[in-house]
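Q: Protein chains in written order, with the working numbering: chain A, 1 to 301; chain B, 1 to 175; chain C, 1 to 797.
Mixed in with the good hints there might be a few duds.
Stated by the list, open to error - Simulated pairs of lysine-lysine, DSS-like, Cα-Cα distance not exceeding 27 Å: (1) C/LYS669 - C/LYS431; (2) C/LYS669 - B/LYS137; (3) C/LYS433 - C/LYS669; (4) B/LYS161 - C/LYS581; (5) C/LYS577 - C/LYS557; (6) C/LYS581 - C/LYS610; (7) C/LYS610 - C/LYS557; (8) C/LYS577 - C/LYS514; (9) A/LYS148 - A/LYS99; (10) B/LYS137 - C/LYS344; (11) B/LYS161 - A/LYS278; (12) C/LYS344 - C/LYS419; (13) C/LYS514 - C/LYS557; (14) B/LYS161 - B/LYS137; (15) A/LYS282 - B/LYS161; (16) A/LYS148 - A/LYS90; (17) A/LYS29 - A/LYS278; (18) A/LYS99 - B/LYS137.
Said to hold, decoys possible - What the simulated footprint calls covered on chain B by chain A, stretch by stretch (three residues with Cβ under 8 Å from a Cβ of chain A suffice, anywhere in the stretch; the number is not a length): (19) 50-60; (20) 106-114; (21) 157-169.
Derived from the structure by calculation, the hints contain no laboratory data.
Yeah, the Cβ is synthetic: ideal placement off N, Cα and C, and Gly gets one too.
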Amino acid sequence: MKPPRFQYCAPRILDEALTLLDQHGEDIKVLAGGQSFVPLLNMRLAGPAYIVDINHISELHYIETEDGYLAIGAIARQRQIERSVLVQEKHPLLVEVIKHIGHMQIRNRGTVVGSIAHADPAAELPALLTCLNGEVLAQSIHGERVIKAEEFFTGYLTTALEPGEMLTEARFPWIPPRAGWSFMEFARRAGDYALVGAAAVLTPAPDDTCMSAHIAYLGVAGSPIRAHAVEQMLVGTTLDQRALDAAAEAAREIVSEDMSDVHATVEYRRTLTAELTKRVLKAAWGRRERQERQEQQRGEG
Amino acid sequence: MLERDDDFSQCVEECEIAVIVNGHRYERTVPVRLLLSDFLRHDLQLTGTHVGCEHGVCGCCTVLFNGEAVRSCLMLAVQADGMAVTTIEGMAGTNSELHPIQQAFQEKHGLQCGFCTPGIIMSVHAMLHEHPDPTEKEIRHELSGNICRCTGYQNIVEAVKLAAERLREQHMEVE
Amino acid sequence: MMATRWFGAPVQRQEDPRLLRGQGSYVDDIDLPEMLHAAVLRSTHARARILNIDTSAASALPGVHLVLTAKDLGEVLEPSPLLVPHHALTQPRTQLPLARDEVRYVGEAVAMVVADSRYIAEDALDLIEVEYEPFPVVHSLEVSSAESAPLVHADVPGNVAAHLVQSVGDPDSIFPSAPHVIHETLLMDRGAAMPMECRGVLARWDAHDGTLTCWISTQGPIPIRNGLAAIFHLPEHKVRVIAPDVGGGFGTKIMMFYAEEVLTPFAAMRLGKPIKWIEDRREHFISANQERSQLHEVEYAFDDAGILLAVRDRFLHDTGAYTPYGIIVPIITACTLPGPYRLKHYYSEFTVLYTNKVPVSPYRGAGRPHAVFVMERIMDRIARELHLDRLEVRSRNFIQPDEFPWDVGLVYQDGGPTKYDSGDYQAGLEKLKALLDYDNFPALQAEARAQGRYLGIGVGCYVEGTGIGPYEGAMVRVESDGRVYVSTGVTTQGQAHYTTFAQIVADQLGVEPKDVLVTTGDSQSFYWGVGTYASRAATVAGSAVHLAALKVREKAKQVAADLFEASPDDIELADGKVFVKDAPHRALTLGQVAISSNPLRYAYGENARKLMSMKLAGSRPGPALPEERGSPGLEASGFYSPPHGSFASGIHGAIIEVDATTGDVTFVKYAAVHDCGRIINPTVVEGQVHGGVAQGIGGAFYERLVYDEEGQLINASFMDYLLPTAAEVPPIAVDHVETPSPLNPLGVKGAGEAGVIPVPALFASAIDDALSPFGVRIREMPLHPCRLYELLTNAQQ
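One chain only, chain A, in its complex shape:
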């Protein structure tokens, strides 16, 4: 299981990388963390003529707080985000999700942006990005564009990226104040790709009913699915058992007919999705900050 032949370049400047991408179009692949890509090379399931290693482009190595989102550069490692005190404080859901990715040896090299660009429907980060209504920044030598998550993932291992483009940044919107969040997945073993998983963010209204709901799933279709139908069912409810059961039932429909594999039939996936929905929503709702508690805090302050 050795890689096939390829030409390799490791530019230190983003423009050089973009130039190479433009020059070689379909024949070039980006190497970032390599945790998804190198196995494909070793198995000779991928055989690009050119590989551009972006790990030396220091300008892509950042984790930054922006107005409205956390910006993560293309070669920031998953492990760095996991350990970052800044992110633990300001975006704990992202940290929680990353902890579910593989094992620490994978996360030490794997990048957040790389995982998103790879677009495996069973991967955690694409689902989270979708849940949060996040965005990615795609650049080429001709310019840049911002792509919304739901438009970015177009199918199994496929994205809206055009030849000549690469992702340079992922943008994870902040969790709204007082919102509760949760991420859960069903996997066979610790660190495996999940059979199904879900990320949920629920924002309470002043009357402690659900004001807005975001829930996105992985492992249910060829791309992560933002379950708008489920979300709409939850708005205005108190997420009581009836609402959870109804949401769970609705979530079953999200699982695509072709999602059958070695580990799970479609029917089983549907059952898992329903169960997962209940658990993740309950946990997320339980994490919300209640108005009364806030007022109490203000009163004491």
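Use these hints to put chains B and C onto chain A, whose structure you have.
A: Showing chains B and C alone in chain A's frame:
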């Protein structure tokens, strides 16, 4: 990290690299597709790092890359240019004394065929550096990135507990 | 019997420091000058004719030295040896080193490339064009056994390789009048050993002296040496096969004459350069032997007291595309089924069927997990039908300690009787109950159910035939510095032979285990032997080591007696010295005695100088090496051939929790009680049990080889063939019962496979118990959450 002047924006199939492995600097010319695991094992004759799957699951090939545990089968040798790698051969001191982790594995019968062992020891080394006082549950979770087919993990877990205890004692002595 | 100091002690392993430092020497660690690298092209079809192979582009690739297909092999193009013939195996078939006209499984070797590097060799594989004409695939036992099934081998009617009936008593007379008769279909499906080190061969042909040396990651170098000598028409002493450090075997590597074990030396001889072939994991999934697939139709009769009266078991065994290892596995199944129970009427009939899948040969357990699954399902069912406690039913059926030797009445895999030498099954059961707090479990279970949680407890008992012949041997020699050198024909893949055999010798020669250096697995170091398999190394080779050490001890006493002018009965060996009892100043070191026993003309070394200066008995007239002394030095060989297998046993139990919505299962507690007779090194035995249990858990709930209807293995990687990690395997409590074997001088029985044997059975038992409110009855292994979910859904409907 070493400073390099080469113009890396040209695409090549072969490359000169300089890697620091276990504190020694090695300069070699390598094909760009050469995996780091093969480079260590065959170009540098450091055969302690083993290859079990070449798709990043079994952990036999785990080494430290700039101090972090990584799968050497998922890295190209050229990516180690200018970087520091630590392999199992770098664990025992020059006076041949076993590292406390290795010693603990010996005392607790934490290995049988020995094939997964170097990868496990490197992972444990990284793990204990970050979590010097793990619970059994944490140990088992952290070890899940390394597969062993011989031991059933029981004695490995015991070895890690013992190693953690000894390293904590050592650390306290140093302080 | 002299007191033993080292036997039974938890001595730390000699081999560890080297392995811990990464100084092991596995096949791929060995690099030879001018070495080239091989890669194998494998069939992508499960069943096809080969119409054409075009290797021209591959041969022309720079860096490629050789491309071989079947037509290039000359006389070597012969089916590989049938390792274990049997009269019932009427249609054996073995594989050609490279497929010529037909391929019969995905993964079958079709061509071999030799190149400057493995990387280039794989590039060349991509350039070889094979034209296949695919045929309908026999992808399961069901397809294989159907009327007008496609034929895996055109000349094997009905795909039947073998058919064997064994019978004890008269079951037909029992069934008609039995109070209870039940019929069930029980299935076990494919899994694999997956050692962490894949296979590998390094071959070097030295044309100057006509010597072939092969380093192979194998469990059986001596038979391979013999076979290669025959295949290549070389004298046996010109062939050396070495099993260096081996990264796990578990049976996969006792299969011999895998194609690559013939092709690599062939290429080495052709090119005159050393050739290394290292299997990668993807290849391992489709070309290293697998096991575990059987379908049982069992009928059993029992009375109102839960006594098992008779069993009729008919099963189909999937042997894959070839039968290189004969029908050992199903024979073992048939002989293991009666277990620890008094079963006087038993009919066993099996049919071995070919399928278009990877060939089957033993994997740890080797047919026993299947048998135990069947019998333990029977015991559980009897308990359920009669509303009796499951352990109580087993107790009522156990063979009692005073009933040994117990002749099961069947012919075992070694051709000898299946005759249990010793055991105490009830004692094991009591210990297990204690470890699991069995009697208090119902309360725990009820409490959990009230909370909507499903806990269950499962048990599995087994008897394991171990320590079979034909024989093993060992040579023990004291060297001039007093250290002891031992060599034997068995091999080591982590079982600590370097330490356990040293313990045996240390006891006899009065030295410490660290001063005993053991070599295993080199056909040149010890010429005779078979290999490590069937839980036999400690029993058979260990006994041989013991016998050889005894002879050396006697000789040392004799030599010392002559030197001290004492009687051999008054000589003792301890602390590295040989001395006169009650006169410890009259002593020599063991090394000095070794020197004395070798009447060389020349003396050298410190020991020799010291000897010269001591006042010992002068020389006598006559030959320097008298006839009664026999041979020079303190050296002896010993061979041990067991009369038949010795029977280890055990009982395992586990408490699990089942998530009734997702079908996921977690282990809450696991306990193993184990009887392998006298124990040489308890730490080593427990480690073997732990490892076996982990493989058993994998084989019950995580690992399953999934083939599609085209015979393609769809989960051929570690991403989808799930090996349990430290997070899935629970802590394992181990306790022992020791019923020594009367069959060998050490009283030991085998321990290597034990851990894995009862796991599928107890897992099923535990799930049944956890889900008893739903009336679930598990009849298949392996399971996974999706399947358990389906079974639960069906049960609820």
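Q: It remains to establish, for every hint, whether it holds in the given structure.
A: Cross-check of the supplied hints:
1. Straight-line distance between C-alpha atoms of C/LYS669 and C/LYS431 comes to about 15 Å, which keeps the hinted pair within the 27 Å bound.
2. Between C/LYS669 and B/LYS137 the alpha-carbon distance is near 14 Å, which keeps this suggested pair within the 27 Å criterion.
3. Using a Cα cut-off of 27 Å, the hinted pair C/LYS433 and C/LYS669 holds, with the two alpha carbons roughly 12 Å apart.
4. Taking the CA atoms of B/LYS161 and C/LYS581, the gap is near 47 Å; set against the 27 Å cutoff, the hint is violated.
5. A threshold of 27 Å between alpha carbons decides the hint, and for C/LYS577 with C/LYS557 the separation of about 11 Å falls inside it, so the pair holds.
6. Between C/LYS581 and C/LYS610 the CA atoms are separated by roughly 22 Å; this keeps the pair inside 27 Å, and the hint holds.
7. Distance restraint check for C/LYS610 and C/LYS557: the Cα-Cα separation of roughly 20 Å lies within the 27 Å cut-off, and the hinted pair is therefore satisfied.
8. Pair hint C/LYS577 plus C/LYS514 holds up; C-alpha atoms about 15 Å apart against a cutoff of 27 Å.
9. For the given pair, A/LYS148 sits about 24 Å from A/LYS99 by alpha-carbon distance, which is consistent with the 27 Å threshold.
10. Restraint check for B/LYS137 and C/LYS344: the C-alpha separation of about 48 Å exceeds 27 Å, so the hint is violated.
11. Between B/LYS161 and A/LYS278 the alpha-carbon distance is near 37 Å, which puts this suggested pair outside the 27 Å criterion.
12. As the CA atoms of C/LYS344 and C/LYS419 are separated by approximately 13 Å, the hinted pair is consistent with the 27 Å bound.
13. For the hint linking C/LYS514 to C/LYS557, the alpha-carbon distance of about 22 Å falls within 27 Å, and the restraint holds.
14. A threshold of 27 Å between alpha carbons decides the hint, and for B/LYS161 with B/LYS137 the separation of about 11 Å falls inside it, so the pair holds.
15. Simply put, A/LYS282 and B/LYS161 have alpha-carbon atoms about 36 Å apart, too far for the 27 Å limit, and the pair is violated.
16. A threshold of 27 Å between alpha carbons decides the hint, and for A/LYS148 with A/LYS90 the separation of about 22 Å falls inside it, so the pair holds.
17. Taking the CA atoms of A/LYS29 and A/LYS278, the gap is near 40 Å; set against the 27 Å cutoff, the hint is violated.
18. As the CA atoms of A/LYS99 and B/LYS137 are separated by approximately 15 Å, the hinted pair is consistent with the 27 Å bound.
19. For a cut-off of 8 Å, the count of residues in the segment 50-60 of chain B with a CB near a CB of chain A stands at 4, and the three-residue condition holds.
20. Counting residues of the segment 106-114 of chain B whose CB lies closer than 8 Å to any CB of chain A gives 0, which falls below the minimum of 3, so the coverage claim is violated.
21. Counting residues of the segment 157-169 of chain B whose CB lies closer than 8 Å to any CB of chain A gives 0, which falls below the minimum of 3, so the coverage claim is violated.
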